[in-house]
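Residue numbers (full-length UniProt numbering), protein chains in the order written: chain D, 1 to 489; chain H, 1 to 489.
Since the hints were derived computationally from the structure, they do not count as laboratory data. It should be emphasised that the depicted structure is a prediction, and the values quoted were computed from it without experimental measurement. Warning: the hint list may mix true and false statements.
Stated by the list, open to error - With a straight-line cut-off of 27 angstroms between C-alpha atoms, the simulated DSS-like cross-links for lysine-lysine are:
{"hint": "1", "chain 1": "H", "residue 1": "322", "chain 2": "D", "residue 2": "32"}
{"hint": "2", "chain 1": "D", "residue 1": "181", "chain 2": "H", "residue 2": "181"}
{"hint": "3", "chain 1": "D", "residue 1": "81", "chain 2": "H", "residue 2": "81"}
{"hint": "4", "chain 1": "H", "residue 1": "81", "chain 2": "D", "residue 2": "322"}
{"hint": "5", "chain 1": "H", "residue 1": "322", "chain 2": "D", "residue 2": "181"}
There are 2 protein chains.
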Amino acid sequence: EMSVLQEISQNVKSIKQLDYAVLARRANQIQKELSQGVRKPYKELIDLCWGDPHSMDVKPLTFVRQVLAACVYPELMSSHKLPLDVRQRAQWLLGRCDGGSVGSYLAPTGIPEIVQRMSESIRRRDGGVPCNPDNIFISPGSQWSLTVTSLLLTYLNNEAPLRTGILTPVPCHVTTIMSIKSLGAAVIPYFLSEEHGWALQVEELQRALESAKGGCNPVALYVINPGNPAGYVQSRKSIQEVIQFASEKRLFLLADEVYQDCVYGKNSEFVSYKRVLAEMGPPFSDTVEVASFHSVSKGFMGECGLRGGYVELVNLDPNVVKYIFNLICKDSTTPVLAHFAMDLMMNPPRPGDPSYPLYNQLMLCGAPVVTLGYIKNMLVKNVKTAHEVVNSLPGFSCQPVEGGAFVLPRVFLPPRAIQKAKEEGMQPDTFYCMRLLEEMGVLVSPGCEYGQKEGTYHIRFCIMASQDIIDEVLKRLTTFHTKFMKDFS
Amino acid sequence: EMSVLQEISQNVKSIKQLDYAVLARRANQIQKELSQGVRKPYKELIDLCWGDPHSMDVKPLTFVRQVLAACVYPELMSSHKLPLDVRQRAQWLLGRCDGGSVGSYLAPTGIPEIVQRMSESIRRRDGGVPCNPDNIFISPGSQWSLTVTSLLLTYLNNEAPLRTGILTPVPCHVTTIMSIKSLGAAVIPYFLSEEHGWALQVEELQRALESAKGGCNPVALYVINPGNPAGYVQSRKSIQEVIQFASEKRLFLLADEVYQDCVYGKNSEFVSYKRVLAEMGPPFSDTVEVASFHSVSKGFMGECGLRGGYVELVNLDPNVVKYIFNLICKDSTTPVLAHFAMDLMMNPPRPGDPSYPLYNQLMLCGAPVVTLGYIKNMLVKNVKTAHEVVNSLPGFSCQPVEGGAFVLPRVFLPPRAIQKAKEEGMQPDTFYCMRLLEEMGVLVSPGCEYGQKEGTYHIRFCIMASQDIIDEVLKRLTTFHTKFMKDFS
Numbered sequence: 001e002m003s004v005l006q007e008i009s010q011n012v013k014s015i016k017q018l019d020y021a022v023l024a025r026r027a028n029q030i031q032k033e034l035s036q037g038v039r040k041p042y043k044e045l046i047d048l049c050w051g052d053p054h055s056m057d058v059k060p061l062t063f064v065r066q067v068l069a070a071c072v073y074p075e076l077m078s079s080h081k082l083p084l085d086v087r088q089r090a091q092w093l094l095g096r097c098d099g100g101s102v103g104s105y106l107a108p109t110g111i112p113e114i115v116q117r118m119s120e121s122i123r124r125r126d127g128g129v130p131c132n133p134d135n136i137f138i139s140p141g142s143q144w145s146l147t148v149t150s151l152l153l154t155y156l157n158n159e160a161p162l163r164t165g166i167l168t169p170v171p172c173h174v175t176t177i178m179s180i181k182s183l184g185a186a187v188i189p190y191f192l193s194e195e196h197g198w199a200l201q202v203e204e205l206q207r208a209l210e211s212a213k214g215g216c217n218p219v220a221l222y223v224i225n226p227g228n229p230a231g232y233v234q235s236r237k238s239i240q241e242v243i244q245f246a247s248e249k250r251l252f253l254l255a256d257e258v259y260q261d262c263v264y265g266k267n268s269e270f271v272s273y274k275r276v277l278a279e280m281g282p283p284f285s286d287t288v289e290v291a292s293f294h295s296v297s298k299g300f301m302g303e304c305g306l307r308g309g310y311v312e313l314v315n316l317d318p319n320v321v322k323y324i325f326n327l328i329c330k331d332s333t334t335p336v337l338a339h340f341a342m343d344l345m346m347n348p349p350r351p352g353d354p355s356y357p358l359y360n361q362l363m364l365c366g367a368p369v370v371t372l373g374y375i376k377n378m379l380v381k382n383v384k385t386a387h388e389v390v391n392s393l394p395g396f397s398c399q400p401v402e403g404g405a406f407v408l409p410r411v412f413l414p415p416r417a418i419q420k421a422k423e424e425g426m427q428p429d430t431f432y433c434m435r436l437l438e439e440m441g442v443l444v445s446p447g448c449e450y451g452q453k454e455g456t457y458h459i460r461f462c463i464m465a466s467q468d469i470i471d472e473v474l475k476r477l478t479t480f481h482t483k484f485m486k487d488f489s
Numbered sequence: 001e002m003s004v005l006q007e008i009s010q011n012v013k014s015i016k017q018l019d020y021a022v023l024a025r026r027a028n029q030i031q032k033e034l035s036q037g038v039r040k041p042y043k044e045l046i047d048l049c050w051g052d053p054h055s056m057d058v059k060p061l062t063f064v065r066q067v068l069a070a071c072v073y074p075e076l077m078s079s080h081k082l083p084l085d086v087r088q089r090a091q092w093l094l095g096r097c098d099g100g101s102v103g104s105y106l107a108p109t110g111i112p113e114i115v116q117r118m119s120e121s122i123r124r125r126d127g128g129v130p131c132n133p134d135n136i137f138i139s140p141g142s143q144w145s146l147t148v149t150s151l152l153l154t155y156l157n158n159e160a161p162l163r164t165g166i167l168t169p170v171p172c173h174v175t176t177i178m179s180i181k182s183l184g185a186a187v188i189p190y191f192l193s194e195e196h197g198w199a200l201q202v203e204e205l206q207r208a209l210e211s212a213k214g215g216c217n218p219v220a221l222y223v224i225n226p227g228n229p230a231g232y233v234q235s236r237k238s239i240q241e242v243i244q245f246a247s248e249k250r251l252f253l254l255a256d257e258v259y260q261d262c263v264y265g266k267n268s269e270f271v272s273y274k275r276v277l278a279e280m281g282p283p284f285s286d287t288v289e290v291a292s293f294h295s296v297s298k299g300f301m302g303e304c305g306l307r308g309g310y311v312e313l314v315n316l317d318p319n320v321v322k323y324i325f326n327l328i329c330k331d332s333t334t335p336v337l338a339h340f341a342m343d344l345m346m347n348p349p350r351p352g353d354p355s356y357p358l359y360n361q362l363m364l365c366g367a368p369v370v371t372l373g374y375i376k377n378m379l380v381k382n383v384k385t386a387h388e389v390v391n392s393l394p395g396f397s398c399q400p401v402e403g404g405a406f407v408l409p410r411v412f413l414p415p416r417a418i419q420k421a422k423e424e425g426m427q428p429d430t431f432y433c434m435r436l437l438e439e440m441g442v443l444v445s446p447g448c449e450y451g452q453k454e455g456t457y458h459i460r461f462c463i464m465a466s467q468d469i470i471d472e473v474l475k476r477l478t479t480f481h482t483k484f485m486k487d488f489s
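Make the full structure from the sequences, and use the hints.
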């Protein structure tokens, strides 16, 4: 007799085994061995695979944590140890919750006043381009809202003879690719141009679209700006070209802009798709459909554990917006504190507020306060150091890192290393990462996880870590790489 | 030319318009009118539709909030204002997070030590019945994990000629019914016996199962114990009968046990399905498949805004457990603080801990501390008062409320009221609720939302509110009901 649960459908079975999983498993074993006292050439394992700043000793912003703590335990406000504007903000936020508690349910649309303030913040960011709060949806993370939006596209297309296709960059972070595929939609890969600093080129979009003909029905173009894993930041001109292309081909633009605050390049600046769209004027500004994603996990706050993000929808039919809203509300589980964190991210202290000088300056001497300036400064230094060190190693070539949270250098592996990887049944860059992990206790992820041009190999690591950690990783990488190249030359 | 998004599929369109929505819309209007100074017979609107204790002035537990605040802003631990065990617990919890921050990502399986402690707590609850931590999955709420589990059942059955059927109680809270239906599964209603205090009777399960023959493929039985919206608490014997039935019919038991801590009846106690199953011995104890759901939103903590729950799976094939796990992890967005809250709920201070006396006693005189004892005491009083007052009104009949968070009295509406409701295009009990809202500013929900026997009418309201609120609601209900019965007699 069979249990009702013994037969599992393919839908559930088909969860992809990632190359990264092999590395992660080994890393876990090494972690255990270290804790059991097994001697290794290193005392601590360092994992730079994820964009998870707090796990890598980047400290949370003091202003943010003070406000959230006061919201959790309002008795803290009766003491004067917290700055006045911290107490005022906490009071204001709690006043927006039923019963003045972060333990109450929120309306599925979120707290109207917070959404209103978010829309004003987006408007300021975009130099005055209007932002309608009704088009903002709060979600437990940007990945979640991206999945819901893609789900909608799949639904829309569910009576068409061909399945939904979404143009997706190569390289691209894995979670998005997995989400799109698990929804039954097709990924149409377009390659970013590494030689041009991982630029997004319209000719390549054109080629990718042509290649999809007959195989699926392309309805959307997914762009990541600033890039992840590639640190490219699009110029206004580049965005204009993409918008023109989307308009011509009637593609819905899914703009992943979660690293909008993380731009390091001297000549780079973040400009939103929505702003460029508005600046282009009609017919673009009132026809091209855009969804822009943001999150409290990414950027300088790095509050991954709070689970909060939003999507802003531009130029969508209000009826469609209503349906997306229903879809989002039905399963939304965004915690109250994530709504609050969104308010803090988008409305930091302003000139004149008691916390402002502290919040923006590099670092108050000796005070246990973590400021935006301090974090920014640290990351800019990390990017600079990582880029310089990696580029100085023979066999490495690293494009400028203009934004985002990752470095993605190309590694030119010797033929003997590639041969050896094949013998061990691994992708060449996975093999490289496995050796680095084994010998140096450093976990980075292989380029094959994100997609790369045939015959090219990369590694990716996060630069959102304390300076000490980045320095240590670069030291270990240098030692390892020098030996690796010698061993396999 | 059509936008890619202008054509919406039926899947998205078919979101049900609830009777409750009409009431909620009117309540919003009234709220606005009140704030604009429109004069009404009441100054404040009271909404008792949801199990949302903090919104109804039930205060959060001090111990819980102190620990969470210290985790959010660890600088608080350097002061001695927080009790020692609060600081120790916060320190321990933060020690389980990468980088010691609630802002880091967690492994999809959660924090192993917390899951281990949860399993020990479940084992204690069940008088020593073993609990394997590998069978516990943390989720952003019990509703979420119930949806995922139901989704799995639907997948399993997706090649069968008939769609998945789930036996579901009447009355039942709406969200679950909507979830099951939106997954494409069939709801097979079984009626709880109001005359017997809303008891679950096996003969009725039998009847319901028979009625489904040929229409769908029944694979699961959903039970809510302690009940919601009906306040029935199952005895050991009743649970044994249900388990025998499930075993015989090879049904997977979905046991919604989120109100396990909320039992008020003098002769009632909560016994888990898992415990009864173990006590029954083989063949039941090692074959009947059970999923038990719990949540930090329900019970005395009432932390709905944190978004945390878990499901424990019993007797499932380990391979199936692995697949459920994959399914859960892929989209899980449980915030770190919800994992912590789960630890606090399942491992409250114990005898000997500095916070213990405070945590358990009724109330420390004059101190601004909210204890478990205080909350329990208040709710027991609320249930008693509500039951007495409602039963004293002519035309009302309320079964004993043994557990849960709601009172669900039957109201015998006069024929003229039923006639009037029909003329206004409303269900009779919706009409009653609308009048109560309009005339007295009290929002309760109509029985038709939850399902009820043809020709019977009910109202449901939450008793998880401060005593003042419950007293005020009962006063307004008494005035309204007396007038209503007179007007329509």
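Structure-based check of all given hints:
no. : hint             : verdict
1   : 322/H with 32/D  : holds, 22 angstroms
2   : 181/D with 181/H : holds, 24 angstroms
3   : 81/D with 81/H   : holds, 12 angstroms
4   : 81/H with 322/D  : violated, 48 angstroms
5   : 322/H with 181/D : holds, 20 angstroms
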